[in-house]
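For this one, chain A is given, so just place chain B with the ligand on it according to the hints.
Single-letter residue listing:
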Amino acid sequence: MPLRLVKYAWKKSEDEPRFFPDEKPLKKAYDVVIIGGGGHGMACAYYLAKEHGITNVAVLEQGYIGGGNTGRNTTIVRSNYLTSEGVKFYDESLKLFEDLSDDFDLNIFYSTRGHFTLAHTDSAMRTMRWRAEVNKHHGIDSEVVDVDTIKKEVPYMDMSCNGQHPVMGALYHAPGSVARHDAVAWGYARGAQMRGVEIHQKTRVTDIKTKGGKVVGVETDRGFIEAKKVVSMVAGSTPRITEMLDIETPIEIFPLQACVTEPVKPFMDTIVVSGSLHVYVSQSSRGELVMGASVDPAELHSTRSTLDFVEGLTDQMMDLFPFTSRLKIMRQWAGMSDITPDFAPIMGKTDVEGFYLDAGWGTWGFKATPVSGKTMAYTVANDMPHELIKPFSLDRYSKFELVGEKGAASVGH
Amino acid sequence: MKFVTCPSLGRRALSEFNYGGRLEREPDQETVSEKEWADYVFYHNGAPKTQIEWWYHRPTGIWFLFERNTLTDRITKVDFANKGISNEA
Ligand SMILES: Cc1cc2nc3c(=O)[nH]c(=O)nc-3n(C[C@H](O)[C@H](O)[C@H](O)COP(=O)(O)OP(=O)(O)OC[C@H]3O[C@@H](n4cnc5c(N)ncnc54)[C@H](O)[C@@H]3O)c2cc1C
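Protein chains in written order, with full-length UniProt numbering: chain A, 1 to 413; chain B, 1 to 89.
Excised from the complex, chain A in its bound form:
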């Protein structure tokens, strides 16, 4: 528990200083410029300063801190992926997450819930067993559970799904968690800033300049900045950044939507995902049901919301939890997810010297915030990919070495 919380319990007033000091003018040059002030950008800045002593760093954010997918996601953190590469990577992230509140001295509301991925068909059951075996091999707490166990843990669920798609079993992952998304970005941002990193909000990168195949700086709507190294951590805006350097990637942008209901009494402390029904749900600490589905049907660079989404989602949700028919939807929103063909990220160096890419986070990148920050900081500091991210290089597709995370990440979060 963060010590500050204990301190506050005894104090009468809240004399908390401003979280982020007023912004300074931009400097002429930085050692490292990070494009994107989401969780990934902030985490990278934090670990650059903390672990590599690189503090002449600017994070440039076109909007506000965490206003991209970081502040729009449904915050599921888990490591029960399908491939060895994925499992090792996400497990490292989960471990980092567990210590973040203490690291930051800030409550990130990290709440371990237990995560059920329901199977409604024989083939889904097979995938669950496969995943459980891969997970256990890497020491991850993950197992296939039967219908009775699910009934006991999620008593309000209609196990027959309105007689349409009876639940046959589930993959259960006890460490599955949720966290306060903004707090993760803020904690990393404050930690980075305390160590000398500059964060510039409302500062948009409009071009990246190179000389002889090497990065020399970025053009922004507040002028040119020299930089030896530039890291792109912009999730749904990645193709617009890579276009500046004529770098082609397999990333396609699809909107991903989510919504919450009005708050109700706590009744569900687990996270429930159904790959076959393409929906997932958890209950927030405020009592709202946080619900999401798979990405929108067609490529689109937009954060608009649609009624089609809510209709489709609630239709399935009412099969799982019939009483939700009486709940009202309070808010809905969308983010732009950067989808890759193998549902695994793209991380590391590129053909342009001094330009590093952290992208392809699609619908699954919140849980990777700590580990991507840490491994990208290593990669930038040493100009050499960190061991954990070697399988995620941009050129893997040209060698037909895809990671094959499909099934574990398309809707599973």
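Derived by calculation from the structure, the hints in this document are not laboratory data.
On a predicted model such as this, the values are computed, not experimentally measured, just so you know.
Each hint can be trusted.
Short, incomplete list of chain A residues facing chain B, as computed with Cβ under 8 angstroms:
| # | residue |
| --- | --- |
| 1 | I251 |
| 2 | A298 |
| 3 | Y397 |
For each residue, glycine too, the CB sits at the ideal point set by N, CA and C.
For chain B with the ligand alone, coordinates are given in the frame of chain A:
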């Protein structure tokens, strides 16, 4: 709800259609190199643009080609997909 006006079918709800990806010229299978094939399958400029896309009308089983902008979501042209380009369709 979004609607789209198609030849023969008239005004239809977009929810009746399945997206089939963008239309791209497929390299010649006989002569293509591994690199060209990987480029064709995987690598592209995914920034916002106007592109031609495959769309399948489920009730009638007809494939269409839509010209659509991936930033504004505006559909500016609709054709039957009976031509495709060169060796496609
Ligand atoms: C609805 C939804 C639900 C999701 N649910 C989950 C989940 O349950 N679990 C999970 O693990 N993941 C989930 N994700 C995915 C996750 O949110 C993202 O993968 C992750 O947050 C990406 O973080 P980021 O820091 O890389 O990007 P972002 O948070 O998007 O930050 C990128 C920042 O870059 C800025 N930017 C862009 N272009 C420029 C420019 N030219 N100049 C300056 N700044 C720029 C943007 O303004 C933005 O703030 C979900 C996503 C969505 C949309």
